[in-house]
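Top line first, the protein sequences correspond to chains A and B.
No gaps in the numbering here: position 215 of the first sequence is 215 in my numbering, and each next residue is one more.
No gaps in the numbering here: position 99 of the second sequence is 99 in my numbering, and each next residue is one more.
No lab work stands behind these hints, which were simulated from the structure alone.
Be aware that one or more of the hints could be misleading.
[As the list claims (entries may be wrong)] Dumping the calculated SDA-like pairs for lysine to any residue here, alpha-carbon to alpha-carbon at most 25 Å:
(1) B:Lys204 - A:Phe115
(2) A:Lys19 - A:Lys80
(3) A:Lys168 - B:Glu207
(4) B:Lys296 - B:Glu286
Computed from a predicted model, the values in this text were never measured in an experiment.
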Amino acid sequence: MTAPILSLSNLHKAYGALKVTDGVSLDVGAGELHAIIGPNGAGKTTLISEITGEVALDAGTVTFDGADVTALPVHARALKGLTRSFQITQVLPGFTVLENVATAAQAHDGSSFRFFRSAGADKRLTDIAMAALGEVGLAARAALPAASLSHGEKRQLEIAMALVSQPKLLLLDEPMAGMGREETERLVAVLMALKGRYPMVLVEHDMHAVFRLADRISVLVYGQVIASGSPEAVRADPAVREAYLGEEEFG
Amino acid sequence: MAENPVTPPALPASPPLWRRLWLPVLVFALLALVPFVWGERFILGLVTRAMIMAIAALSLDLILGYGALVSFGHAAFLGLGAYAVAILFSHDIVDAAIAFPVAILIGAGFAFVTGAISLKTRGVYFIMITLAFGQMAFFTATSLSAYGGDDGLRMFHRSEVFGTRILANDTTFYFVVLGTLAGCFVLLKTIVGSRFGRVLRGAKENERRMRALGFDPFRYRLAAYVIAGSICALAGALFANLGMFVAPAYMTWQRSGEFIAMVVLGGMGTLIGPIIGAIGVTLIEEWLAAVTQHWKVIFGPMVVLVAIFARGGIVKLLERGTGR
């Protein structure tokens, strides 16, 4: 196996007596789609925030693309290619759909301390953005304000923004949350198409989607990884069955 | 997933040019006509003052309207620019070619230092800390006994321009101020639409998202604060020349509040709105003050009415009036 793109080593984080991350270590290999599942309150979103830098760690190191990024702030990690989508979609609501994506592209296109040329008329950014919108199936919505999109479309928009961010790793925090069956299917298809092109960390409750997409699954319970392995191995793991006891959705 | 690979969808159409331009063109055309219609010194001076306030309000709109940063100390920059010109004048440095750039640099420097500190805070704390810096500037000016202290400082004539006294003519001065206002408007319009402006606006829309995209909002906000401070100091340099006088009263917190009112009443984040707001407020104040000394009793409710019935300011009202 080649060197992992992301390597978490013994992460710890506590809020008072509550240990939200309790000695998590895991590797995400190049090209791998690594799903993180676990019951509510297991600390999945916190773990994502620790990877992106929004939550400061008590202990442990985050190694990304061969470099220790533990001390870097959110924006610096993002510029290195650590790209995320949010559990609750985060778009720029007053911007058009196109400008949302163009803004994401702009972050990776030299300095933004350029004061005099119109950004809206910048053909290079616009072309990059339109291509990404085509890829996620939102091209026809380009001129609309992002606030007017449906929930599912905002998810697609977030993915388009991620695609133009020159990602080396995509962190997707519950991308299917709050979506209908049809929207979920469309998103699974989008992720299927992206799989292999980018390594991904997928936090998701929709088990059908997880077992269809994941190469490897880690199960997080009370801040600890209780199992990690192929979908088949995880499905058969008795400790996992125990943790999910009573939850029909599993399996 | 591509919907239709053959015909790429049309790019977003921007609104027609006339719709974006009619209001600025109308405002500047009216301002350019004023000296030909009303030649009286009083009117000319009054509208010149209104335009100087408009430059200040315009600069505040960059950080307030596009950056959502409610600065309650913006008048400090007006005072700094004015004092820079008057103090240099008292040392016989009377040429605008030196005094105006110095004024702008002092505004930029003060903005950089105070901005670097106050932009570490948000919301109410930002308001409080900018207010505190504004008050510091105010009290420093009152204690400058060498430069008039509370009484202020007088200039014997307007700044020279490369040794000439062309600004002494009120009409010339009027057009210099009008030209400066137009220049600042075009400059800020350009900045707001640039890559830089996009990041500034994006950080107002959703700061968390912008960080996740790789932008550090602080640096862009600080740069915007410095630009705003510089332009407001330039307004101050013009203000000192208007009455050939400066006083600590130029930088009271009440004036900072007035700038906010001008921006909000005119229309935040529109640039043309704050110009209309500043001119409107200045003229109405003057008119009401002539009618009755209790003019604030009338002016206050007027502000309240606009705030309630014209959300988005006068500009929104006008745009609705033209069928959109």
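Open item on the list: With the threshold set at 25 Å, check whether the alpha-carbon distance from Lys19 (chain A) to Lys80 (chain A) stays at or below it.
Closed with: Violated - the C-alpha atoms of Lys80 (chain A) and Lys19 (chain A) are around 29 Å apart, more than 25 Å.
Open item on the list: Just to be careful, I want the Cα atoms of Lys168 (chain A) and Glu207 (chain B) compared with a cutoff of 25 Å; is the pair within it?
Closed with: holds (23 Å)
TODO: Sort out whether Glu286 (chain B) lies within 25 Å of Lys296 (chain B), counting only the CA atoms.
DONE: holds (11 Å)
TODO: Quickly compare the C-alpha distance for Lys204 (chain B) and Phe115 (chain A) to 25 Å and report which way the hint goes.
DONE: It holds: about 18 Å lies between the C-alpha atoms, which stays within 25 Å.
Going through the hint list in order, the structure does not satisfy hint 2, though it satisfies all others.
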